[in-house]
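Novice: Chain by chain, the residues run as shown.
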Amino acid sequence: MKTYNYKKSRELFERAVEVIPNGIYVHYSPAPLIPIDAYPFYVESADGSRFIDVDGNEFIDYMCGYGPMVAGYHNKNIDKAAIEQLKKVDTATGAPAVMVDLAEELENTITIADWAFFAKNGNDVTTYSLMVAREHTQRKKIIRLKGGYHGVHPWTQSPDHPGVLFEDAENIIIGIFNDLDNLRDIIKKNKGEIAGLISTPYHHPVFFDSEMPDPGYWQEVEKICREEGIVIIVDEVRTGFRINVNGANETFGFKPDLICYSKAMANGYPISALVGTNEIKSSASKVFYTGSFWFSAMPMAASLATIRELKKTKGVEKMKEFGEKLAEGLSKLAENHGHELVVSGHPAMPYVRLADDPTMKLHQNWCAECTKRGAYFTSHHNWFVSTAHTEDDLKKTLEIAEDAFNALKKL
Amino acid sequence: MFDGKANPIPLKGFTKLGFMSKEFPKVTDKLEYYLKPTDDLLKDDKYLEINTIFTLTTAANALPTVMEFDPKANLTGHHLTKGRLLLKIKNGPGVLIDTDVNHIEVVDEDPSTATCEMLIKDIPIANKFLNGQVDIYGALAKGDLEIKGQTWLLDSVGLILDRIPIYIQ
Ligand SMILES: Cc1ncc(COP(=O)(O)O)c(C=O)c1O
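If you read the protein sequences in the order shown, they are chains A and B.
Residue numbers for the first sequence follow numbering that gives the first Met the number 0, so the first one is 0 and each next one is one higher.
Residue numbers for the second sequence follow numbering that gives the first Met the number 0, so the first one is 0 and each next one is one higher.
Read the hints as simulated data drawn from the structure, not as lab findings.
Heads up, a few of these hints could be off.
[Unchecked claim] Keeping only pairs whose Cα atoms sit at most 27 Å apart, straight-line, the calculated BS3-like set for lysine-lysine is: (1) B:K120 with A:K409; (2) A:K7 with B:K120; (3) B:K141 with B:K42.
Bear in mind the structure is a predicted one, so any value in this text is a computation, not a measurement.
Work the whole structure out from these sequences, hints included.
Specialist: Given below as structure tokens:
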């Protein structure tokens, strides 16, 4: 099978490092892609489940822009809604009418939602959720969980990281997912001081296997938080609209007070939302929070169309089915080649690793060999599937994976 | 580190030992020469090589102390996991560093036992890297630095390494 080269990507990068810190930063940075020469850096175009890089190489995209693409690049219905809105107005003096339609759609779709507040990035609303919880409870402290990602604002980072102060973490307590004793202990030691608990619905850290909630875990968390008056915040920035359009909490059987959305909610158009219950609405109203582009209408129209499209096409079920077939196919191939493939997390966001080599070098090499042949696999982040991934994509992916397993033997 | 004429190591009481009073200050003078580069000195390939190797060894051996006393590095220490990191100049010398929770130390073992590797392309790049003049993500993407294996170890050890220059300026 032919493997790709990335001459133009490299040339662009050489220019980029001169004028942009790190060339390409953080989550799109090529640095964590190992070995680096197997990966493209710059994208030229995208359609359906695939993207083409600046060197003309085509990839079946298993990162979906790290989550935003959920219903296919250039999804006709979504792009049409966005462009029609753009022709009318995007950002102007005043709120757009579509904002009300979108808030109503979210209120009708997400079980716990009585209201919705819009911003741009996931971190805009995770930070807002903390402010709302603090206002609501008149308490200071927040529990976030080890290995959980909620963005880049100082409170989300450990204070040993550059630019972060110990003071930034003063009222943040780090808990452990699936560990109720740990939660009880934290609450006991900080009685009456904890405003909120923020957590993803299941644990999806980088570098390590995803972890589903133990049976009864969320129900007990809910009970404890209700007793203690702690606001439950679910961060669905990554899982949102991939696990359950009504909220992943419905899949896991509990009711949070606030849920954060972004990424997939508009199929790649930039928007985020915090939704919540009526009990907490007046606190949300009191917090001073806004941004220049948070009333931009085009992503709102795109979001409305995305949510409707996902509901109409049973998108979540489709992604789950595709993800299951992908995991099964890849696992079987690995077994045939004498390897053990471990797949964890939700099928629409699988975390995949070859478990034979604890140093991860074998896994890194396999992901790289697949990518060089056109199936874009990262080695340490969960992958994403979309409703645009087809049986043809699956077949091609498995052919690529087979060839990559053969290539590993020659390394 | 070795600053000006002042002897950084308290030699009082040992001055009657011949080595300490004669050869040792010469050694420290030599070390100072190689560890305090000037732009002109760095133009000499041999000097550059020795300065780079000394800096690499000094930095690696400073890790436990920095982790113990620097508050930020100390916190990173709590997050360290078990592993063995190889920090190596391609076709050149390297150091092997063992890590675990609150533990970091240079070890003398077989480099092939490393669970994580950072390979530096050549001496000039290694020199820039060790002197904090390299845009790490950019260098990785350009292939000047190459990483593999349990790269989360590098995230942590990198944070501790980053704290060293604060104490030697
Ligand atoms: C779970 C989770 N929360 C929050 C964020 C932050 O979102 P953003 O990068 O849009 O600010 C992310 C981004 O990856 C995420 O995965």
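Novice: Take the hints in turn and mark each one as holding or not.
Specialist: Against the structure, the hints come out as follows:
For the proposed pair K120 (chain B) and K409 (chain A), the alpha carbon gap of about 24 Å is at most 27 Å, so the pair holds. With a C-alpha separation of about 22 Å, the suggested pair K7 (chain A) and K120 (chain B) falls inside the 27 Å cut-off, and the hint holds. The straight-line distance between the Cα atoms of K141 (chain B) and K42 (chain B) is roughly 24 Å, inside the 27 Å bound, and the hint therefore holds.
The earlier numbered hints are all upheld by this structure, with none contradicted.
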